[in-house]
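> Chain by chain, the residues run as shown.
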Amino acid sequence: MGLFILRRFGVMILTALCLTFVVFFLTNLYPNLEKLAKTQGNARMTDAEVASWLDRNGYGGPLIVRYGEWLGVVPGWTREGADGEVTGRCIDAATPAEEAPTFCGLLQGDLGYSTVSDDEVSNIIGGRLALTGVLMFWAFAVMVPAALIIGVLAGMKEGSRLDRSLSTVSIASTATPEYVSGVIFIVLLASSTAGISPWLSEMGWIEGRTLFLGSARSAMDDVTFWNFTLPVMTIALYGMGYIARMTRASMAEVMTAQYIRTARLKGVSFRNIVLKHALRNALIAPFTVIMLQFPWLLTGVVIVETLFNYNGFGWTLVQAASNNDIELLLACSIVAVFVVLVTQLISDIGYVFLNPRIRIS
Amino acid sequence: MDLLTWTGALGPILNPLMLAAVAVFLLGLIGNFVLTLAGQQAGEVQINADHTLTINRTPVDYALMAMKYAVLLFLACCLAYIIGGLVQSDPMDQGILGAMGRRFLPVWIALIVLFALSITFKRKLGLYGKLFDSLIGMIGFGLVMFWMFTAIFAGTIITFGPIDVISQMRNEVPGTPLPNPDDGAYLYYLLGGDNLGRDVFSRMVMGAREVLKIAPAATLFAFMVGITLGLPAGYFGGKLDTVLTFIANLVLAFPVILLFYLLVTPEIVDAGIPTYMAAVLFLFPIIFFVVLFNSRYHTQPTKRLAYIAISLVIGFWLYSGLAFNADPLGLISMPGNILIVFVSVVFVNSPTVFRIVRGIVLDIKTRDYVAAGQTRGEGPWYIMLWEILPNARGPLIVDFCLRIGYTTILLGTLGFFGLGVSPESPDWGSTINEGRRLLTIYPHPALPPALALMSLVLGLNLLADGLREESLKD
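As you go down the protein sequences, you meet chains A and B in turn.
Position 288 of the first sequence, counted from 1, bears residue number 288 in the numbering used here, the numbering being contiguous throughout.
Position 159 of the second sequence, counted from 1, bears residue number 159 in the numbering used here, the numbering being contiguous throughout.
Excised from the complex, chain A in its bound form:
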C-alpha cells in the first residue's frame, strides 16, 4: 500500500512538472512577451527596443532556464546596469541586492509579481481562493446530497416509473451548462421585469423587488440566502446529473447482487435492504466520481463567477488571461493543476481504501 501511494505520488509530481512547463511555455511565448513589454514600457517600441526591454527584465534567457528560475531550482537572474545598479529576479524595493536570496521561485513560495494589479501574486490569490472556497463548499453541500438521493431513489427499483422520471431529470441537468442554467435562473427568479419576481412582489410575498439577487457581488462580504442561492444552484445543477447517474448505475448493479436477493428471501423489509445492505456498497463508485468532479467544477466556477460578478479565483483567472498578467496566470494555473492532481490522488487512494475487493500488493 505504501509503495502504491509512493508511486502514485511520483507520477503526480511528474505530471505536475510537465503541466507547469506547458503552461509556462504557452504564457511565455514571444507574442505574449512582446505585448507585455509594450504595455509595461511604451506602446510604440521598435522590435529592437522590445528585445532589449525583455533582456533587461529577465525574459531574455533560454526558456528552460527561466522555467527553472520560476520553479526555484536555478538561481534567479541578476544584472548590473550601466550605472552600477543591480537588478534581479529576487531583488525588489523591500529586499536590496545584498540581502536577496539566490533562489526565489515556486519552491521558495515566491509566486512573483502581478504586473496589472501592482501587487505580489501571493497576496492576491489567497483572498480570491478563500472566496471561491466558500462558493465551492456550498455548491458541494447542495450538489452531493441531492445527487446521491436522486441516484439511490432511481437505482433502487431499476426500470420503475420513479427511475425513469428521475433519470430524465438527471439527463436534463447534464444537458444544461452553467451559462444556460444561470441565464434561465436569473430571468426566472432575479429579474424585476420577467419571471416570477414581479408577481411575487405584487402579491406582497417578498420584501425586495426580486426573489433572489442576480449578482453575487455583495456575497463577497456577507453571504446570504438572497444573494448566494443562484450561483450555488447554477454550479450544483450541472454536476448533479452526472453524479446522480453514476450513483444510479452503481445502485442498480448492487440491487441485482446475490446478497440482496438473499436478504429479500430472508424477509428483510425493502427499506432495510436499501438502507442497511445496499447503500454502503453502492456509494463506493460515486465517491470517485465526486472527487473527480473538482476539475469540472473549476470550469463551472469560472463561468459562474463571471456571470454573477463574484471576484473569486475563476474571475481572477479570466482577468489574468485577458490582461496578459503572466505571473498571476501562472499562479492560477498552478492552483488549478494542483487541485486536479490532488483530487485524482485522493480518489485513487480512497477507492482502494473503500473497496475491499481491491488489494494492492
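By construction, these hints were calculated from the structure, which means they are not laboratory data.
Note that CB positions come from ideal geometry on N, CA and C, so glycine has one too.
One or more hints might be untrue.
Taking CB as the label site, the calculated pair distances span [what the hints assert, rightly or not]: (1) Phe-225(A) with Leu-72(B): 34 to 44 Å; (2) Arg-367(B) with Leu-3(A): 30 to 40 Å; (3) Asn-195(B) with Gly-10(A): 50 to 60 Å; (4) Phe-21(A) with Leu-72(B): 56 to 66 Å; (5) Ala-185(B) with Ile-149(A): 51 to 61 Å; (6) Tyr-128(B) with Phe-353(A): 39 to 49 Å.
Computed cross-link-like contacts, DSS-like style, restricted to lysine-lysine with a CA-CA straight-line distance of at most 27 Å [said to hold, decoys possible]: (7) Lys-365(B) with Lys-473(B); (8) Lys-266(A) with Lys-157(A); (9) Lys-473(B) with Lys-122(B); (10) Lys-130(B) with Lys-157(A); (11) Lys-157(A) with Lys-473(B); (12) Lys-365(B) with Lys-239(B); (13) Lys-68(B) with Lys-157(A); (14) Lys-124(B) with Lys-473(B); (15) Lys-68(B) with Lys-130(B).
Using the hints, position chain B against chain A.
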C-alpha cells in the same frame, strides 16, 4: 402597427386550456407524491379464475392518468399554435408562436418526411431503425434533427440577416413591428431586438448553423485520433500503452477552461501553435484510413494500392486546406480563429475517447474470436480494425452522440468568454454572453440561444440514452 401577441387569434381559446393542463399536471404530481407517501400503491394486473385480466385502479393510477392526459393536452395545444400559424395568413392572428412555426415550415416538412420514412422501414434499418422503438430515443432524435434541419434551411428561415442592424429596434420586446419596413421585408422582430438592434430570432437560427458546422466534425476528428491511438495502446500494451496513457492523463488533468484561455488567444495564433497542433492532429484520420485499407486488402495488391492512393490524395488535399490553408485547388479553407477553436476542441476530447477505446479493447481482446484470428495468422492491425473495432461500435456510437453534446457545450463556453469567435458571430455562446449584460432588464436576447443550446444538447443526450437502451437489447 401593434405589438404581436405571443399566441395570436387562437390565444383566447387555447391559453386557458394550456393553463388548465399545467394545473392538472401539478395537481397530479402532488397527488401522486402524497398518495405514495401515504402508502398507496399503483394498481396491479390480476388474473381471474376465468382467465380474464382485471386492473385494480387505485387513486395513484388516476393521478398518473391525469398527468398523462395533461401532458398530451399541452402538446396538442402547442401543435395547434403551429398549425394555426401555418393556416392563418395575418401575423396578428398567428401570434409570435404561430409566425415562428410558419418560418420553420421547411423543417417541419423535412422532419415529417424523415420520421414517416424511418418508421415505415424501421425493421430494415438496423440499429437506426430500432431507435424508433424507444420513445426517449425518438424525442432525442427529433430534437437533434430539428436543429440539424434548421441549420440546413437557415437561409430560408431567417427573417433578417444575422448582422443586419436596425438601430430603432434596440432592446425592443418580442413581436415589435418595424418602424418603417422596406418593401418585401419581414414586418416584425419575432423575438425582439438585441442591444445593437439585430433580430434575435434570425441570430438564433443562424447560430444553429455555426454550432452544427463545427461540433460534429470536431467530434469525428477526436474519435479518429482517439481510435487510432487507443487501439494499439490497448492491444499491444506495454511501454506504448504506458506512454500514451500518461500523455492522455496529462491532457485530462488540464482544466478545460485554462487550456482554452491559454490556447485560444490571438497571441497564440500569431505564434503559429494552432497550425502545428492541426498539423499533428489532422494526420490521424489519414493514418487511420491508410492502415484500415492496408490491413483489409493486404492480399489484393491492386485494390490495396487503389484505396490507399485515393485516401492519401483526398486526405492530403483536405489536410493542406484545413491545417495550412494552402489548398492547391482553393476550395477548402479554414480561417485562423475557427481553426484554433476546432483544434482545441479536438485536443480536449481525444484523450477521453482514447481512454474509452483502450478500455473496450482491453475487454474485447480476450474474446475467442480474437484468439481465432490470431491463430489464422491475421495481422495485429487487421484484428484491431476489422475484428475489434466493429464489435466496439455500440458503446462508441453512444459516446459519439454524448460527445457531440459535450462539444456543443464547449463551443458555447468558448463563445461565452468571447474566445476565438469573431465579435459579430451569431453562435449561441456569444449571443448569451452579449445578452447577459442587461439580463435583469431585457431578458429576451439571451434566453432564446440559451434554450436552443439546451434543447440541442438535451436531444443528443436523450438520443444517446435511447441508442444505449436499444443496443443493449441485442
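> None of the hints should be skipped; say for each whether it holds.
How the hints compare with the structure:
1. Phe-225(A) with Leu-72(B): 34 to 44 Å: holds, 38 Å
2. Arg-367(B) with Leu-3(A): 30 to 40 Å: The hint (30 to 40 Å, Cβ to Cβ) holds, given that Arg-367(B) and Leu-3(A) are roughly 33 Å apart.
3. Asn-195(B) with Gly-10(A): 50 to 60 Å: Cβ of Asn-195(B) to Cβ of Gly-10(A): about 53 Å, so the range 50 to 60 Å holds.
4. Phe-21(A) with Leu-72(B): 56 to 66 Å: At roughly 60 Å between Cβ atoms, Leu-72(B) and Phe-21(A) fall inside 56 to 66 Å, so the hint holds.
5. Ala-185(B) with Ile-149(A): 51 to 61 Å: This hint holds: roughly 54 Å between Cβ atoms.
6. Tyr-128(B) with Phe-353(A): 39 to 49 Å: holds, 45 Å
7. Lys-365(B) with Lys-473(B): holds, 23 Å
8. Lys-266(A) with Lys-157(A): holds, 19 Å
9. Lys-473(B) with Lys-122(B): holds, 16 Å
10. Lys-130(B) with Lys-157(A): holds, 25 Å
11. Lys-157(A) with Lys-473(B): At roughly 19 Å apart (the allowed maximum being 27 Å), Lys-473(B) and Lys-157(A) satisfy the hint.
12. Lys-365(B) with Lys-239(B): The given pair, whose Cα atoms are some 18 Å apart, holds under the 27 Å limit.
13. Lys-68(B) with Lys-157(A): holds, 21 Å
14. Lys-124(B) with Lys-473(B): Given pair Lys-124(B), Lys-473(B) holds - Cα atoms ~17 Å apart, limit 27 Å.
15. Lys-68(B) with Lys-130(B): holds, 25 Å
Checked against the numbered hints above, the structure violates none of them.
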